[in-house]
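2 protein chains.
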Amino acid sequence: MSKELEEGSVLSLDFTKLKKVADCGADVMPAVAQDVDTGEVLILGYANQLALDTARAEGMATFWSTSRNELWIKGKTSGDYLEIVEIRVNCEQNSLLYLVRPKGKGACHTKDSSGTARSGCYYRRLKADGTLEFVTGKE
Amino acid sequence: MSKELEEGSVLSLDFTKLKKVADCGADVMPAVAQDVDTGEVLILGYANQLALDTARAEGMATFWSTSRNELWIKGKTSGDYLEIVEIRVNCEQNSLLYLVRPKGKGACHTKDSSGTARSGCYYRRLKADGTLEFVTGKE
Chain G
15 MSKELEEGSV LSLDFTKLKK VADCGADVMP AVAQDVDTGE VLILGYANQL
65 ALDTARAEGM ATFWSTSRNE LWIKGKTSGD YLEIVEIRVN CEQNSLLYLV
115 RPKGKGACHT KDSSGTARSG CYYRRLKADG TLEFVTGKE
Chain H
15 MSKELEEGSV LSLDFTKLKK VADCGADVMP AVAQDVDTGE VLILGYANQL
65 ALDTARAEGM ATFWSTSRNE LWIKGKTSGD YLEIVEIRVN CEQNSLLYLV
115 RPKGKGACHT KDSSGTARSG CYYRRLKADG TLEFVTGKE
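First to last, the protein sequences are chains G and H.
Under the working numbering, the first sequence is numbered contiguously, ending at residue 153.
Under the working numbering, the second sequence is numbered contiguously, ending at residue 153.
No wet-lab data here; the hints were simulated from the structure.
If you're wondering where the values come from, they're calculated on a predicted model, not measured in any experiment.
Incorrect hints may appear among the rest.
All copies of an identical chain are treated as equivalent in the list; a pair is satisfied when it fits inside any one copy or across any two copies.
[Unchecked claim] In silico lysine-lysine, DSS-like type, Cα no more than 27 Å apart, as pairs:
hint: 1; residue 1: K141; residue 2: K90
hint: 2; residue 1: K33; residue 2: K152
hint: 3; residue 1: K33; residue 2: K117
hint: 4; residue 1: K117; residue 2: K34
hint: 5; residue 1: K141; residue 2: K117
hint: 6; residue 1: K125; residue 2: K152
hint: 7; residue 1: K90; residue 2: K152
hint: 8; residue 1: K119; residue 2: K33
hint: 9; residue 1: K152; residue 2: K34
hint: 10; residue 1: K17; residue 2: K125
Could you put together the complete structure from these sequences and hints?
Written as structure tokens, this is what we have:
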């Protein structure tokens with residue numbers, strides 16, 4: 015991923031991702047991980063049946079990596095996992111909500127200017143002029 | 015939608031939805047609406063550029079209806095809209111988070127047993143035995 019995409023102030027939305035997800039070969043649905051204590055929406059990934067089964071069995075938020083096309087137990091190797099507290103399903107049963115308690119470092123792979131992993135991926139907001147700015151404390 | 019799917023205790027995940035979304039003809043990305051005051055994740059929809067532009071212009075959470083293939087300013091007609099407080103973008107710029115303040119009725123199209131629109135779509139949790147149960151107060 016480019017630095018500008020992740021750290022810049024230019025809105026440059028990637029509308030191509032969803033088609034790649036749909037074409038990855040696995041049957042997946044969006045899975046949102048939310049910090050059960052702070053309410054912060056941390057990350058949106060995709061889960062197939064195996065990912066859901068693994069999340070339940072391991073007690074860790076698990077996704078299907080649609081780019082690597084493999085199971086992704088987030089933070090299992092590093093120890094920075096998201097402990098599953100509860101799994102919710104939406105009305106139409108086509109998306110999941112993982113209520114989690116983060117263990118270790120932040121859920122986002124990016125780091126703030128002090129070199130600390132950001133707690134979640136939604137660290138920028140859209141300004142009135144159409145550019146992005148960092149949410150306070152996430153710079 | 016079937017009553018059982020929306021109100022039942024049987025987990026019956028619809029993994030077919032995402033492919034339909036990708037094939038709807040519009041370039042979309044997931045857009046999650048979260049209640050900025052309570053932290054509740056209300057609904058996950060899909061947004062294209064027009065939906066995002068409309069959300070910003072109207073100040074109401076807007077999606078692209080991938081089933082009807084049309085713009086969906088949620089609650090605009092009924093008045094039960096989700097006022098946009100802030101729009102956030104994830105690290106890779108391939109999903110959106112609408113921070114909203116619900117006006118009027120709940121964000122979910124389903125109703126609880128008292129006939130009241132549910133505040134959000136994630137009103138059921140997965141139990142250890144693999145069945146669904148209603149979150150307290152959402153029955």
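Hints and how they fare:
1. K141 to K90: Result: close only across copies, 23 Å inter versus 36 Å intra.
2. K33 to K152: neither (30 Å within a copy, 34 Å between copies)
3. K33 to K117: neither (32 Å within a copy, 33 Å between copies)
4. K117 to K34: For K117 and K34, neither the intra-copy (30 Å) nor the inter-copy (35 Å) Cα distance is at most 27 Å.
5. K141 to K117: Cα proximity of K141 and K117: across copies only (23 Å, versus 32 Å in one copy).
6. K125 to K152: within (9 Å within a copy, 38 Å between copies)
7. K90 to K152: within (24 Å within a copy, 33 Å between copies)
8. K119 to K33: Cα proximity of K119 and K33: none, with 30 Å in one copy and 33 Å across.
9. K152 to K34: Answer is neither: 29 Å inside a copy and 35 Å across each miss the 27 Å cutoff.
10. K17 to K125: Cα proximity of K17 and K125: one copy only (11 Å, versus 45 Å across).
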